[in-house]
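Enquirer: So you can see what is in the structure, the chains are spelled out below.
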Amino acid sequence: MSVLLQQLANGVIQGALIALIALGYTMVYGIIQLINFAHGEVFMVASYGGLATFTLLPDDLKKSPAVALPLMFVGGIVVAVLVAVIMERFAYRPLRNAPRLAPLITALGVSVFLQEAVRVWYPNATSNLPYPKVFPEGSLSLGSVNIAWTGVLLVGLSVGLSVILQTYINKSRMGRAMRATAQDPDTAKLMGVNPDRVIVLTFIFGAVLAGVAGVMFGGYLNNINIDMGFQNGIFAFTAAVLGGVGSIRGAVIGAFIIGLIKTLAGQYMPGGTQYDYVWIFVVLILVLVFRPQGLFGEPERVRA
Amino acid sequence: MRQHSVKSAAIVGAALLVLAACGSNKTEGGGNNGGSCDTSKGTLTVGVVAPLSGNLSALGIGIKQSAELAVDEANQKCTVKGYKLTVSAQDDEANPAKGAQAATKLSTDPNVVGVVGTLNSSVAQTVQPILRDKKIPQVSPANTNPTLTRGNDFLTAPKRQFDNYFRVCATDDLQGPYAANYLVEKAGKKKIAIITDGKTYGAGLAAELSKQVAKKGGQIVGQETVGEKDTDFSGVIAKVKALAPDAVYYGGEYPAAGPLSKQMASAGLNVPLMGGDGIFDGKFIELGGKEGDLATSVGAPTESLATAKAFVDAYKKKFGKEDYAAYGAFSYDAANAIIGALAKTIDGAAWDESKRDSMLTNVGSYSGSGATGEVKFDQYGDSTNKVLTVYSVTSGKWKDVQTGEFTG
Amino acid sequence: MSTSTVSTPDTTTPVEKRSALAPLGKPFAAAGGVLGIVAALLPWVTFTLNDGNWPDKSTLQFFDAPFAVTGFRWHVLLLGVLILVAAFAPTPSKGRVVRALGWGLTLVSFVNAAYITVKGGGLGAITALDGVTAFGSIVGLVAGVLAILAGYGIGIEPVGEWKFKVSTPVAYLVLLVSFAAVLYAVAAMLTTGGVGTSNPYSGAIFLSFLGFAAGVLGALSGVGFIRWLSALSEQHRVFSVIVLAACALLLPFTDAGNEYWMTVAANIGIYAATAIGLNIVVGLAGLLDLGYVAFMGIGALVAANFSGAATAHFGITLPFPVAAVAAAIVAGIFGAIVGSPTLRVRGDYLAIVTLAFGEIFTRSAQNNIGGITNGSNAIPGIPPLSLFGNEFNKSITLGAVKLPAGVLYYILIVLLVAATMAVFANLKFSRIGRAWIAIREDEDAARAMGIRTGKMKILAFLIGATLAGLAGAVFAHKNGTVSYESFKFLESVTLLAAVILGGMGSIPGAVLGAALLFVLPEKLRDFEDYRLMIFGLALILIMRFRPVGLIPDAHRRAEMIERADENAEEAHVEAKKA
Amino acid sequence: MSTPVLEARDVSMVFGGLKALKGVTLTLDEGKIVGLIGPNGAGKTTFFNCLTGLYTPTTGQVLLKGNVLPGDPAQVTDAGVARTFQNIRLFPSMTVLENVMVGRHVRMKQGPLASLFHGPAYHRGEKAARERSRELLAFVGLNNLDDELSRNLPYGDQRRLEIARALATDPAVLLLDEPTAGMNPQETEATQQLIFRIRETGVSVVVIEHDIKFIFGLCDSVSVLVQGELLVEGSPEVVRADPRVVEAYLGKPPEEVQHDVEAAAASAEEEQA
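Protein chains in written order, with my numbering: chain A, 1 to 304; chain B, 1001 to 1408; chain C, 2001 to 2578; chain D, 3001 to 3273.
Worth flagging that the hints you see were computed from the coordinates, not collected in a lab.
Hints may be right or wrong, so weigh each one.
Chain A is faced by these chain B residues, among others (derived, beta-carbon under 7 Å) [claimed, not checked]:
#, residue
1, 1058
2, 1109
3, 1234
4, 1238
5, 1239
6, 1267
7, 1347
The calculated lysine-lysine pairs, modelled on DSBU-like cross-linking and capped at a C-alpha distance of 30 Å, are [stated by the list, open to error]:
#, chain 1, residue 1, chain 2, residue 2
8, A, 133, B, 1355
9, B, 1041, A, 133
10, B, 1399, B, 1317
11, B, 1355, B, 1316
12, B, 1399, B, 1283
13, A, 62, B, 1290
14, B, 1283, B, 1190
15, C, 2119, B, 1041
16, C, 2455, B, 1355
17, C, 2165, D, 3127
18, B, 1355, C, 2394
19, B, 1134, C, 2455
20, B, 1321, C, 2119
21, B, 1283, A, 63
22, B, 1397, A, 62
23, A, 63, B, 1309
24, D, 3127, C, 2455
25, B, 1215, B, 1399
26, A, 133, B, 1134
Just so it is clear, CB atoms sit at the ideal spot from N, CA and C, and this is done for glycine as well.
Work out the full structure: start from the sequences and follow the hints.
Expert: Laid out in structure tokens, this is it:
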């Protein structure tokens, strides 16, 4: 029983992390129907950005978590946003009217490029790097279940930010513009919405969330490596698909489901943790085949 | 559009030129001339096959540079009379097919006297036969899979596989059981959980350990595998924690082991983590290795070996930092074995391909004291250096707690 | 939703620019040509570099041997002369030709200048130092840029068209000479900079040669020669194929005929065959497959398990042809399974399904699923193929000629590549191929034409996977070991990069792409750490600037194919009569 | 009375909560041309998609010569119903001839093996398909353009190519979705003649069109669709005279409607140019 509870807790924390990344996928897909394959790498780059920020701090500031931690978040987010904006402007925007495969292949290229760039140019990035100990230490013990405080923080941030995002998109003027562009870019344009601005903004929102996720990832797990983006990116993409691409709520719920599948499959399914990824991919394939619109998406109408 | 690309090409070109425009290093970099040694007979090459690009390049570059260090020293000391030595490093991309290509490239060069490499056992499998056909000795700094030297039934019916293949590192069937003895007999940990990264090194090590644990009356309570690129181990830890082990043995390398240890502690699983030489690295502690964690390593403790310190100092002097990585010292020893054997083979005469047979014999009978201890090979090509040391993390540093030979 | 548009930057030269440069065209070309020749005669390096002379006597010692213009300086000289000839002789599409030659000159000068400065250290090496001057590279660069500008000044007209017809014997001769030149160029390209490990400048020499070759090819293409030649080879398709195959089989007899290049060429061939299979899926049917290398892995595993290797699982040893067929079939079945979500899933989602499948494959193979992959220990010791007692990895002697080791593998793989090319070409010009292209262009419209799109897409996956499985079987024996590490995600990306670089849907493109992705890393060891980064960047840039790839899928003229059909039919009818 | 070639019985289509079609019934007799008109958003294209199998009707059936059509566009085409698209959907980087040959797909017997090995049967089949395609191209008036990429054709030619491509499937029924959109009067006239000639070959035709004058001049029978419901059905004369049509169709007298539509056509043409 306590194992189950512990695994559920682990799953929820993983889900919270995946949710932050999945939102970026789902928003971009909702607007321009692009699987932004490189979004996972934005998350990875943000993590290194946060670490770099810490490294650059003067020594006395490093010792004060109250200063260092917010600065790391800022650093991570700034790097993520910069990368995302550059990527959108120079890689994706010129291809907006290209055949469908072109932006997808570009996204793949961006992904490989970012990962390699960090590996080659970030000092010692060839192996895992430790994350600074400025995060709250220790853990919350509920009976036999142990939850690190950083995990609690991660869940809080993830749920909080997705609620804010959902509200913003539903209530604000820009949010309406986003939804309009997602529905019908041409009409939205006629209504005076600048699609370029909306798209850039979408990328920025995704990057901010990925930035938070990147820094929190380091804080929660104490170590980062250049492969974290690819792996978690795939999980996040699966979550977005599971929830129904384009749906904010769906992405978050999908992410928690994926987190739980991973930990529970590792615990209870045959093959154990060796095959926990495999189950996620199996779920992905099953969802795509049997409910391609996801749990919360509308069935797609055929355009003729 | 075209205008743009012309412009940017021009800018890039200009930038490159400006970057390069730091005057001239006309006098620098030519230090390979071997000082005052006689190099009249030409140049001979020590090949290196290792991953120089991709994820494993840190290890590969450590191997390459350590071999370069050995060659430089030999050039300075005029170890090989009449010849200048160089290193030719080939990238195998950790891919067996590319490894074969790299080996072919080296094997077609008559001046290649020996090859240091590979890192991956799977790459070694393709490299071995190619070099054997040309009778080029291959000394691996890092392959720990016992089948490479002694075949599939390495315990029951060992049989030499390739007479050109040697290695200076310890095999899994030595290190694993030694660790098992320590855990069960010395530390009294009867219930042991195993986690591996599923790669040749880690899985092999863990397999040998578990056999010995059972022999000594201990119990393997569970076995889990994590992905080699994982960073989050919470699922595995929760699973292992439920089994209430006395210790966790991790078969793999420090990048995952450090965080694993740390996450074990924060998940409330406060038992020592033990691993092989793959986790015996300062980075393990940096990444979260905790007090009381254990590791085995080949040879006697470094502090007690003047040769090891000398290697580290020389490496730092040549390359500026200590990035020789896990297998640097082994690679240095491997290169020195080749150089030593070459010096003996040539012995004032001239190199030609007819000398390859005696070169093989001389590598086999090489004996020297290297950065990892005594370097010598047994009848299978394995290192005879069977001295192992158990280290423990004590006040933020690795400290040796037991040194000895595995005796069964 | 959108249509694929091919934008060729060449045709969109800004008008302003042309008008501003127009009067300068000829003078610039003249200056560029003359400076190019001067650059070839000037010294390039002020001192002997640390690792020895810059290749081919490019230091001041040049003037000790004034006629020994070799290596890249010979190329520079030639380019300079060609620029002058092109600018002042009646040349079709003059601007294009001059521009291409200018680019060649710029590239050659730039590569050499960059290597001298980086390797030799500093600008001093290519300017003036200790009272010695060596401005060759700078003059060369200036000449190249002038020629490029001259090209724009003269004006970029459409590629020249050669109307004249030639008789069959002459055509055969032209084709023979052209393909022989290609063979020579390939061999030269492979062997530039030496095979051994000794030459520290091999990368520079190779790149420089590549720049020269690109310039000359660009010029030939601008003149219209390439177009004429390809039309000619279309007309004499059978002859061309035979000559091309013969050229490929003659490679072992050239300078590149050594064990090392045989191995490299064999590896290129295996990946090229796989890439052609991928090209069916990506290029023809327009389905992105990100886990494609898994099919090669499956084929290799099947072949390995039936090979009689010590760790093979089934304990059955099948002769290679049987095992290869089994490998192809098993891979094909998996291809169909992986492709089956296409019945429900749209293109870009499918890419993710294939990625997931690829990851499942590596994971399972690493964990030794079913005991057939031998996990992380791999399956080593797969015996090399042999024919009449000749092991394929040994050298053979034909009469007086001793052929390098691995030549039999090379021949086998050339045949494999030829077979996959034939499969690709035949399918492309068939009912199925048209259906695939229709699906790629507009899936809804394709369905409205009665094409069972789901079935066709699965067929694409099946055939692609079958070819990959076949290549995998050869791969297993060629390398002697099969490990999951050979079939990871990045290998899929590499294959995809090969297809895209060469040109989606284009057969020679896939071979060229695979060749470049294999030869470049071999030649450019200085950049090996940047290999993957450059791949990534290349994918981005190609999609942005040249989505059709290096050798675009030139739409074959229907009449050519028709003629082939009719010829075949006539032949058939006559055969019946006889 | 003989079975109609195409019959839609009580077809309804619901998207989410939106009722796009409410029990539409339509019959097409052999050798006839039926027109389908209605204001924007009346459900014409939805209805078309139901006829071609792109949508499966929520209720109701579509029958071809008395047989229920399968709910899959490919099989519908195979059964003998071909279509064109409102916004032309050719295969842009295929040649003109290849586009039409794609239309021959369902009528070719070439299997995977023949495709792979190019035996004599392949060459015969390809030749036959090519000849038939050429015939159709000549029929629609596209001579000597075989090797042109379809995306390089002028607009009117693209429309005709699309019709040729549809005819290549040897259909019993041809569905044309706004075949004259964006055409000038001469081109429209030519299209009308083309459709008459298509009818002469024994193919029955359903046309969706905005241009009422064109429809009335072309069709044997006209159906008016308003807000998903069939308002009126009958000969052009009957429909023209029906006051409900006039009212529903923009709420203006017929002459003005006429005028509007022509103006719209003219402006569309300008856009094209």
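Enquirer: Give a verdict on every hint.
Expert: Now the hints, each set against the structure:
1. 1058: holds, 4 Å
2. 1109: Because about 29 Å separates residue 1109 of chain B from the closest Cβ in chain A, which is outside the 7 Å limit, the hint is violated.
3. 1234: holds, 4 Å
4. 1238: This interface hint holds because 4 Å falls under the 7 Å limit.
5. 1239: The hint holds - residue 1239 of chain B has a Cβ within 7 Å of chain A, the shortest such distance being about 5 Å.
6. 1267: The hint holds - residue 1267 of chain B has a Cβ within 7 Å of chain A, the shortest such distance being about 5 Å.
7. 1347: violated, 41 Å
8. A/133 x B/1355: violated, 58 Å
9. B/1041 x A/133: Given that 30 Å is the threshold and the Cα spacing comes to 58 Å, the pair is violated.
10. B/1399 x B/1317: holds, 25 Å
11. B/1355 x B/1316: The hint is violated at about 35 Å.
12. B/1399 x B/1283: holds, 15 Å
13. A/62 x B/1290: Distance of about 22 Å is within 30 Å: holds.
14. B/1283 x B/1190: Since the Cα atoms of residue 1283 of chain B and residue 1190 of chain B sit roughly 28 Å apart, the hinted pair holds (cutoff 30 Å).
15. C/2119 x B/1041: Judged against 30 Å, a Cα distance of about 26 Å means the pair holds.
16. C/2455 x B/1355: violated, 63 Å
17. C/2165 x D/3127: Within the cut-off at roughly 26 Å; holds.
18. B/1355 x C/2394: holds, 21 Å
19. B/1134 x C/2455: Violated, at about 52 Å.
20. B/1321 x C/2119: holds, 22 Å
21. B/1283 x A/63: holds, 21 Å
22. B/1397 x A/62: Roughly 23 Å separates the two Cα atoms, so the pair holds.
23. A/63 x B/1309: Between residue 63 of chain A and residue 1309 of chain B the Cα gap is close to 34 Å, so the pair fails against 30 Å, i.e. violated.
24. D/3127 x C/2455: Holds - the C-alpha atoms of residue 2455 of chain C and residue 3127 of chain D are around 25 Å apart, at most 30 Å.
25. B/1215 x B/1399: Status holds; Cα separation ~28 Å.
26. A/133 x B/1134: Given pair residue 133 of chain A, residue 1134 of chain B is violated - Cα atoms ~54 Å apart, limit 30 Å.
In the structure shown, a violation is registered for the earlier hints numbered 2, 7, 8, 9, 11, 16, 19, 23, 26, in ascending order.
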